[in-house]
Amino acid sequence: MEHDDSKGAVKAYEPSSGLAVSIDDPIQNPGLPPHRARLTDVDVKAEKRAERTIYTLFYISVAASIWAVAAYMLFPIEDMEFVSIRRNNLFIGLGIALALLAIGIGAIHWSKTLMSDKEYVEERHTTRGSEDTREAVVEAFRTADQESGFGRRKMIRNSLFAALVASIIPGVTLFRGLAPHNPDYSPAELLKQTMWEEGEYLTRDPSGTRIKASDVTLGSAFHVIPEKLAALSHSDGLLEEKAKAMVLMVRMRPELLTEREERKDWSYDGIVAYSKVCTHVGCPVALYEQHTHHLLCPCHQSQFDVTDEAKVIFGPASRPLPQLPIAVDDEGYLIAQSDFKEPVGPSFWEMH
Amino acid sequence: MSTATEEKKAPLGGRFVGATANYLDERTSLSGLVKALGRKVFPDHWSFMLGEIALWSFVVVLLSGTFLTFFFDASMVETHYTGAYAPMRGIPMSAAMESTLSISFDLRGGLLVRQLHHWAALTFVAGIGIHMLRVFFTGAFRKPRELNWVVGFVLFVLAMAEGFTGYSLPDDVLSGNGLRIIDGMVKAVPVAGPWISYMLFGGEFPGDAIVGRLYTLHILILPLIVIALIAVHLVLMIVNKHTQFAGPGRTNKNVVGYPMMPVYMSKMGGFFFIVFGALVLIASLVQINPIWGYGPYDPSPVSAGTQPDWYIGFADGALRLAPPHLDFTIFGKVYPMGVLIPLVVLVIFIILVAIYPFIEAWVTGDKREHHLAQRPRNAATRTAIGAAGVWFYAVLWAAASSDLIATHFHLTMEGVIHALQFLLIIGTVFVYFFTKRICIALQKKDREIVLHGFESGRIVRLPGGEYQEVHKPVDEYERWKLVADETFEPHVPRPNDQGKIKGKFRASMSRWFFEDRLQPLTNAEYRAALEHQKHALHEHGDGGHPEIESGDTKH
Chain R
1165 MEHDDSKGAV KAYEPSSGLA VSIDDPIQNP GLPPHRARLT DVDVKAEKRA
1215 ERTIYTLFYI SVAASIWAVA AYMLFPIEDM EFVSIRRNNL FIGLGIALAL
1265 LAIGIGAIHW SKTLMSDKEY VEERHTTRGS EDTREAVVEA FRTADQESGF
1315 GRRKMIRNSL FAALVASIIP GVTLFRGLAP HNPDYSPAEL LKQTMWEEGE
1365 YLTRDPSGTR IKASDVTLGS AFHVIPEKLA ALSHSDGLLE EKAKAMVLMV
1415 RMRPELLTER EERKDWSYDG IVAYSKVCTH VGCPVALYEQ HTHHLLCPCH
1465 QSQFDVTDEA KVIFGPASRP LPQLPIAVDD EGYLIAQSDF KEPVGPSFWE
1515 MH
Chain F
76 MSTATEEKKA PLGGRFVGAT ANYLDERTSL SGLVKALGRK VFPDHWSFML
126 GEIALWSFVV VLLSGTFLTF FFDASMVETH YTGAYAPMRG IPMSAAMEST
176 LSISFDLRGG LLVRQLHHWA ALTFVAGIGI HMLRVFFTGA FRKPRELNWV
226 VGFVLFVLAM AEGFTGYSLP DDVLSGNGLR IIDGMVKAVP VAGPWISYML
276 FGGEFPGDAI VGRLYTLHIL ILPLIVIALI AVHLVLMIVN KHTQFAGPGR
326 TNKNVVGYPM MPVYMSKMGG FFFIVFGALV LIASLVQINP IWGYGPYDPS
376 PVSAGTQPDW YIGFADGALR LAPPHLDFTI FGKVYPMGVL IPLVVLVIFI
426 ILVAIYPFIE AWVTGDKREH HLAQRPRNAA TRTAIGAAGV WFYAVLWAAA
476 SSDLIATHFH LTMEGVIHAL QFLLIIGTVF VYFFTKRICI ALQKKDREIV
526 LHGFESGRIV RLPGGEYQEV HKPVDEYERW KLVADETFEP HVPRPNDQGK
576 IKGKFRASMS RWFFEDRLQP LTNAEYRAAL EHQKHALHEH GDGGHPEIES
626 GDTKH
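So the protein lines, in turn, are chains R and F. Quick note on numbering: the numbering used here labels position 5 of the first sequence as 1169, and the sequence is numbered without any gaps. Quick note on numbering: the numbering used here labels position 27 of the second sequence as 102, and the sequence is numbered without any gaps.
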């Protein structure tokens, strides 16, 4: 951090000024303005007042710290009341805040009113080391090179480089452990299948109760999961399966639906079920606007038209929501005909 | 520190302090450091305090975060909450969520520290951002400080990473949805997307590994790098010495200001307590991230109006503004452009921010050291670039709340998105030109004041009946702040020995950078204007008011 420019002044260091052009006859720097005394410099009363203010603030801080500890004891939260937590948070917090603010304001007031406000001038030095220093450094490297033969013994040097680079690779290799252990288990394949299969009952999320087609009234929307999913526990992959299998089901008048010929039998009497995973980046497409039959993703505002195969009508998503083909069993409960025919959720490289 | 040698005089601060200082110095050579830094001069300006906000709020983050680690359980093992908050009792959730609820409801002062940690983290990122803007617009990134700009930039990115990893830890619905968006973006990466996602989450999303992994990043390696880089940042600041604004007596070769001891020790130390106190005040009054209202993470529910913490907003907004329907498939492989375009745009934007000092240095070819912070108006093109960048960022940021803008102002969702897309592209270009014109106009105003004085507010009636406002000259100290002492000429490419013209690109860049510049005033021009002004005042025959003629230097 210290410089010794006096020795290095052999040849002046003059870096290029580039495109900068100085002007011949510039207006001159007038130099430092005369020092102006503050009120506390000239008025003893003001000085005393500032002094009183500062020590009062510091004593207030002491009192506030004591208050914060007292508040810790005076406002317990063990009675399980919400209001107790609020009081505990508020009164401890106010105590600590006042204690800290008073120190800060006092210290700054001290520096501004009572400490000398005389400005000092310090010279700057060029950041680069002096010529002597730089030459000494070059010399140090040269000597080290000669004594080690680092530049001369190329075989040693290059083999060292090779060894250093190679030594990193085992460390990187260890992270292979993050990948699936079963080689048949490709992440992309996993993304293409969900828990839905032929005959799987559509059930309410999260209770897992079956849904009769007749219960799905016109205009209603159901958050749906496979029946098997409700039985899963956390450690069996409840959330992972739910993240793929969740479905939103709505009913509208059948004539409103625009359906391709080959998908005509995927719906049941105006009831349609679509994946609830947004095809943009995977948020739940949970907002159903009843009178327009639009589904809205609350994360990035993609909108899907449920009457028209959940095609994207606005927003950053590109693919329609995959449709779950449904039917009813003999007792009138809704069941799936099969899994989704395409991957749910965000698009990815090996999707097709 | 040299008390040991002064045998006759009583040691400074008493015998105990003297003996302690001696003990330390004989073992650490500390006296040299104190000698170098103790009375080191730092310049004073309110804007130099902005970086301190970041520094001190990081200290608060560190202190509050350490407390939280004693009670937080970074595990996704399923458990049931049994604590004080009745509505959540018995609900299955991860241990991470359960311990976060316990910190909030079952630990006295726990909620306070949790809220303090979150508020301090938001302030940390905000402090860095504002500090970067100050450095950018005053040209304080110029040689020799380019590297410190890059260090600070990396700190900004790390601060966002710290923020995001922390935000994801409680494993509530909001943090889980944040991770889900990250997961969706990762899956969009060509070639390896699903694999990276699988490895990151330790299986399929959400898995039960991610909280533990993020926790390690959040409290170990990221803070370690942040602390190391803050140290580098501060050491470089001391080595380079702080920039100062141009002013009377201040030159590129000196530093004018107050000494480290006692003034800055008191001001900076005091400011630490003010930042700390203000953050505790906010934490005790303003609720943040009430996870008990959201519930444990479940992929299915989400509420309308979900938003990330403010510093991730620009990335979320970029996702919302991406042009739709550009995904394509080549050889059966999918390129999800709805995610890739915003990603690429953000990466380019961020890289431009990081390397801007080098671009400007290349254009100007200026290799000298610069220690005078510029007034933004005097570097019109840079200020215009910066303003355009701020605008670009701000529109992306606003877009993260596009749905709330629509509902609050009764607009259509589509209208808001289209308006923001328009503002993002056209607005950025407009802001560039608008700012540049404003800067040049302000330069002209400065020149006007130097040459013809400022409007005094006094109207005089001339013998002919004409009314005129008396202009008074500014005093020499004020005037010095308004004048420049050098200008730049665009690079002119010349043929070399082979007759080839090189550097055409740099030439056109420098023409663009320095077009419409004002020639600085010379002393002669200024003297002439002053004479003219005096002469004019004399002609008005307003002898009864000598201060008009002489120029009242107090104002």
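Bear in mind the hints are in silico, worked out from the structure with no lab data behind them. Hints should not be assumed to be uniformly reliable.
When the alpha-carbon atoms are kept at most 25 angstroms apart in a straight line, the in silico PhoX-like pairs for lysine-lysine are as follows [to be verified]:
| # | chain 1 | residue 1 | chain 2 | residue 2 |
| --- | --- | --- | --- | --- |
| 1 | R | K1356 | R | K1376 |
| 2 | R | K1475 | R | K1428 |
| 3 | R | K1276 | F | K218 |
| 4 | R | K1282 | F | K115 |
| 5 | F | K328 | F | K442 |
| 6 | F | K442 | F | K577 |
| 7 | F | K579 | F | K442 |
| 8 | R | K1282 | F | K556 |
| 9 | F | K519 | R | K1276 |
| 10 | R | K1276 | R | K1356 |
| 11 | F | K328 | R | K1282 |
| 12 | R | K1475 | R | K1392 |
| 13 | F | K408 | R | K1356 |
| 14 | F | K609 | R | K1505 |
| 15 | F | K110 | F | K328 |
| 16 | R | K1428 | R | K1318 |
| 17 | R | K1428 | R | K1376 |
| 18 | R | K1475 | F | K408 |
| 19 | F | K328 | F | K218 |
| 20 | R | K1356 | R | K1505 |
| 21 | R | K1475 | R | K1356 |
| 22 | R | K1212 | R | K1282 |
| 23 | R | K1392 | R | K1212 |
| 24 | F | K408 | F | K115 |
| 25 | F | K519 | F | K442 |
| 26 | F | K519 | F | K556 |
| 27 | F | K579 | R | K1282 |
What follows is a list of derived Cβ distance ranges for each label pair [said to hold, decoys possible]:
| # | chain 1 | residue 1 | chain 2 | residue 2 | range |
| --- | --- | --- | --- | --- | --- |
| 28 | R | R1298 | F | V229 | 26 to 34 angstroms |
| 29 | R | T1297 | F | I425 | 30 to 38 angstroms |
| 30 | F | L401 | R | D1472 | 44 to 52 angstroms |
A few chain R residues facing chain F, derived, Cβ under 8 angstroms [said to hold, decoys possible]:
| # | residue |
| --- | --- |
| 31 | S1331 |
| 32 | I1332 |
| 33 | I1333 |
From a predicted model like this one, the values you see are computed outputs, not experimental measurements. Positions of the beta carbon are idealized from the N, C-alpha and C atoms, including for glycine.
Results for each hint:
For the given pair, R/K1356 sits about 28 angstroms from R/K1376 by alpha-carbon distance, which is inconsistent with the 25 angstroms threshold. For the proposed pair R/K1475 and R/K1428, the alpha carbon gap of about 16 angstroms is at most 25 angstroms, so the pair holds. Taking the CA atoms of R/K1276 and F/K218, the gap is near 32 angstroms; set against the 25 angstroms cutoff, the hint is violated. Note on R/K1282 and F/K115: the hinted pairing holds, with a Cα-Cα distance of about 14 angstroms set against a maximum of 25 angstroms.
For the hint pairing F/K328 with F/K442, the CA-to-CA distance comes to about 15 angstroms; that is within 25 angstroms, so the pair holds. At most 25 angstroms may separate the alpha-carbon atoms for a hinted pair to count; F/K442 and F/K577 meet this at roughly 20 angstroms. At roughly 20 angstroms between alpha-carbon atoms, F/K579 and F/K442 fall within 25 angstroms of each other, so this suggested pair holds. The straight-line distance between the Cα atoms of R/K1282 and F/K556 is roughly 21 angstroms, inside the 25 angstroms bound, and the hint therefore holds.
For a cut-off of 25 angstroms, the pair hint linking F/K519 to R/K1276 is broken: about 36 angstroms separates their Cα positions. For the proposed pair R/K1276 and R/K1356, the alpha carbon gap of about 68 angstroms is over 25 angstroms, so the pair is violated. In summary, the hint linking F/K328 to R/K1282 is supported, as the alpha carbons are separated by about 20 angstroms, within the 25 angstroms threshold. Proposed proximity of R/K1475 and R/K1392 is contradicted: the alpha carbons are some 29 angstroms apart, above 25 angstroms.
Of the supplied pair hints, the one linking F/K408 and R/K1356 holds, its CA atoms being roughly 15 angstroms apart against a limit of 25 angstroms. The straight-line distance between the Cα atoms of F/K609 and R/K1505 is roughly 89 angstroms, outside the 25 angstroms bound, and the hint therefore fails. Pair hint F/K110 plus F/K328 holds up; C-alpha atoms about 22 angstroms apart against a cutoff of 25 angstroms. In summary, the hint linking R/K1428 to R/K1318 is not supported, as the alpha carbons are separated by about 75 angstroms, beyond the 25 angstroms threshold.
Between the alpha carbons of R/K1428 and R/K1376 the distance comes to roughly 20 angstroms, so the proposed pair stays at or under 25 angstroms and holds. Our distance criterion of 25 angstroms between C-alpha atoms is met by R/K1475 and F/K408, whose separation comes to about 21 angstroms. Taking the CA atoms of F/K328 and F/K218, the gap is about 14 angstroms. The hint holds against a cut of 25 angstroms. A C-alpha spacing of about 9 angstroms is found between R/K1356 and R/K1505, which places the hinted pair at or below 25 angstroms, so the restraint holds.
Taken as a hint, the R/K1475 and R/K1356 pair is honoured in the structure, with Cα atoms around 20 angstroms apart against an allowance of 25 angstroms. For a cut-off of 25 angstroms, the pair hint linking R/K1212 to R/K1282 stands: about 20 angstroms separates their Cα positions. A threshold of 25 angstroms between alpha carbons decides the hint, and for R/K1392 with R/K1212 the separation of about 80 angstroms lies outside it, so the pair is violated. Taking the CA atoms of F/K408 and F/K115, the gap is about 62 angstroms. The hint is violated against a cut of 25 angstroms.
With a C-alpha separation of about 28 angstroms, the suggested pairing of F/K519 with F/K442 is violated against the 25 angstroms cut-off. Pair hint F/K519 plus F/K556 holds up; C-alpha atoms about 14 angstroms apart against a cutoff of 25 angstroms. Taking the CA atoms of F/K579 and R/K1282, the gap is near 51 angstroms; set against the 25 angstroms cutoff, the hint is violated. The hint said 26 to 34 angstroms for the Cβ distance between R/R1298 and F/V229, and at roughly 28 angstroms that hint holds.
Restraint check, R/T1297 to F/I425: a C-beta distance of roughly 37 angstroms satisfies the suggested window 30 to 38 angstroms. For F/L401 paired with R/D1472, a C-beta distance near 21 angstroms fails the hint of 44 to 52 angstroms. Residue-level restraint check for R/S1331 is violated (minimum Cβ-Cβ distance to chain F is 20 angstroms; threshold 8 angstroms). At its closest, the beta carbon of R/I1332 sits 17 angstroms from a beta carbon of chain F; the interface hint therefore is violated under the 8 angstroms criterion.
Residue-level restraint check for R/I1333 is violated (minimum Cβ-Cβ distance to chain F is 18 angstroms; threshold 8 angstroms).
When the structure is compared with the earlier hints, violations turn up for hints 1, 3, 9, 10, 12, 14, 16, 23, 24, 25, 27, 30, 31, 32 and 33 and for no others.
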